[in-house]
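J.: This is what each chain is made of:
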Amino acid sequence: MTLSSEALEGWQALEYAPRRERGLVRDALRRVWGNRGAKAGLAIVLFFIIVGYVIAPLFFPYNPRTDRDLSGRLGPPTREHPFGTDELGRDVLTRIAHGTRISFTVGLFAVVFASTVGTVLGLTSGYLGGSLETVVMRSMDVVLAFPALLLAIAIVAMRGPGLNNTMFALGITYIPIYARLARSSVMGIKELDYITAATAVGVPSPRILVRHVLPNALSPLIVQFTLMIATAIIETAALGFLGLGAQPPSPEWGAMLSNGYKFLTVGAWWALLFPGLAIIFVVTGFNLVGDGLRDALDPRLRRVGG
Amino acid sequence: MTSYIIRRLLSLIPTLFGVSIIVFLFLRMIPGDPALALGGEHATEATVERIREEFGLNKPLPQQYITYMGKVLRGDLGRSILSKRPIADEIRARFPATLELSVCALIVALVVGLPAGIISATKRNSPIDNIAMVGSLLGISMPIFWLGLMLNWFFAVQLGWLPSVTRLDASIDLQRITNLIIVDSILTGNAEALLNGIKHLILPSIALSTISMAIIARMTRSAMLEVLEQDYIRTARAKGLIERVVTVRHALKNALLPVITVLGLQVGVLLSGAVLTETIFAWPGIGRWLYLSILSRDYPIVQGMALFITALFLVVNLLVDVSYALVDPRIRYE
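First to last, the sequence lines map onto chains D and R.
Residue numbers for the first sequence follow the numbering used here, beginning at 1 and rising by one.
Residue numbers for the second sequence follow the numbering used here, beginning at 307 and rising by one.
No wet-lab data here; the hints were simulated from the structure.
Just to be clear, a hint being listed does not mean it is correct.
Claimed, not checked - Derived DSS-like pairs (lysine-lysine); straight-line CA-CA distance at most 25 Å:
| # | chain 1 | residue 1 | chain 2 | residue 2 |
| --- | --- | --- | --- | --- |
| 1 | R | Lys390 | D | Lys262 |
| 2 | R | Lys429 | R | Lys559 |
| 3 | R | Lys377 | D | Lys39 |
| 4 | R | Lys390 | R | Lys365 |
| 5 | R | Lys390 | R | Lys377 |
| 6 | R | Lys377 | R | Lys365 |
Said to hold, decoys possible - Examples of chain R residues lying across from chain D (beta carbon under 7 Å, computed):
| # | residue |
| --- | --- |
| 7 | Val325 |
| 8 | Ile328 |
| 9 | Gly574 |
| 10 | Phe619 |
For every residue, glycine included, the Cβ atom is placed at its ideal position computed from N, Cα and C.
Can you make the complete structure from the sequences, with help from the hints?
T.: Below you can see the structure in the form of structure tokens.
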């Protein structure tokens, strides 16, 4: 059986046609766009970004230190104050809108810190193996054995309450999760032929790690990044609620909740309900994006942790 | 199997030693001298020195550690710096409260989460599936302290249906044996205490259960979906088994392994949650106590509790591994 020269040419053209390079980011975005939940999540996150970073500072400027109106304290929701006012007469909606920036900043910085340190630790220890791997991974296990929130509380207690230390503490508690995830990705990749080939032609280890291992290990790390921001926002609020995070009069959502709680007995439910709903919406948004990304990037990966 | 369990228990010892060293050093790194804090603002140098002497804080670190571990091995976790009470006694008094709350929360989480996951998987993309999945998404996205506050306000303060704080009404007299209220009231045949204790447990258990419930539901669903694709499920259906038997006997049993893994991970989730839940419901457990001890820099308590929690975590891990073998006959430990 022989192939006609025409068919052969067609086949070769098919095989060697330059494929359009989309790049990792564009490819991921395109697939996420096909996911209904992820789209909804992205819309929620974008909504809060616009409200917190554009609308609130431009149209509702606010100074947490001076903005108070004691004559209108603990007022129920009205047309003027849709979410009511708190015990100092401050508009709850304005405070929630400005609090968005705090939650996003803390969440983002904590996770950037954790993912950078964790990925470097996981990648290098997984790739190099040996006693370095044993020491790094065993110490990660020890950190993981301790409940995350309690560890964060201990670190904040050690360094003093405040937002910077909240970021740092949450970041530290998330490092082991990244280290383990990065290591498990590397374990599979480093046995592949193209890594052996790169080693054989003498590419130095750091370059192999950055150019060949990291891009192929990235999917689960990106998914975890998004889901982790969700967790970080909740835990920032938890530390704020316990009085360890943002200090008054900062409009941090958790601090608003712990403050609002004191006035629940006099019936001011709005000071508690609305900041809580804000947290739920934002966190749901990030979780939806994370779930969508996971389905798009790596269907095999299942979410195990909280 | 027995030899496997014994081997695993023995392997806990070096791990616990490692943790004890790490915790010991970590606590010594914290800035601030506990002796100064203890003596108060106006303490003279002599007083501070006497406090250092009393707690052995003036000795070199390795010696402090050896003295400490020697006592720990004899069951003595030291005394609280502030209350001066033995820590082992405090843990014995408080841990049952947290245990009772966590177990109830886990039961709530399983009773709701497991069926929700199974139904979602068998009726994929149905309205029930959508509701369950949106519910579990909210479950992992909701701050449990917020839910606790709202539940407390609505059911305890507004409606007055359930008590809002503590484990038992002060007016109720219950003889404490295990310090688990439900167990003690059954042992002593005290129906009034049993009813009251359960009423006190309802709200905190629900608040504490949400995260675990959501995680269990999601995990059960995805594990079930994977199993339901398998050939032996098609075979089971082909030979005419009714759907319920296929779901429960053939699918669920094989989907349980990842669910058990996730159950084991709930120790950390529940303990973290206990700090918040116990704060809201004035629950006299270890979560709130440890949180306050960390804030007041009561070293010995933090140190003792860190060891206790790690030991707990390791034992639960062991139980999880053992239960794999019970659920899945393919897994054998030699």
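J.: Now look at each hint and say whether the structure bears it out.
T.: Right, here's what the structure says about each hint:
{"no.": "1", "hint": "Lys390/R x Lys262/D", "result": "violated, 32 Å"}
{"no.": "2", "hint": "Lys429/R x Lys559/R", "result": "holds, 18 Å"}
{"no.": "3", "hint": "Lys377/R x Lys39/D", "result": "violated, 58 Å"}
{"no.": "4", "hint": "Lys390/R x Lys365/R", "result": "holds, 20 Å"}
{"no.": "5", "hint": "Lys390/R x Lys377/R", "result": "holds, 16 Å"}
{"no.": "6", "hint": "Lys377/R x Lys365/R", "result": "holds, 16 Å"}
{"no.": "7", "hint": "Val325", "result": "holds, 6 Å"}
{"no.": "8", "hint": "Ile328", "result": "holds, 6 Å"}
{"no.": "9", "hint": "Gly574", "result": "holds, 4 Å"}
{"no.": "10", "hint": "Phe619", "result": "holds, 5 Å"}
Violated hints, in rising order: 1, 3; the structure is consistent with all others.
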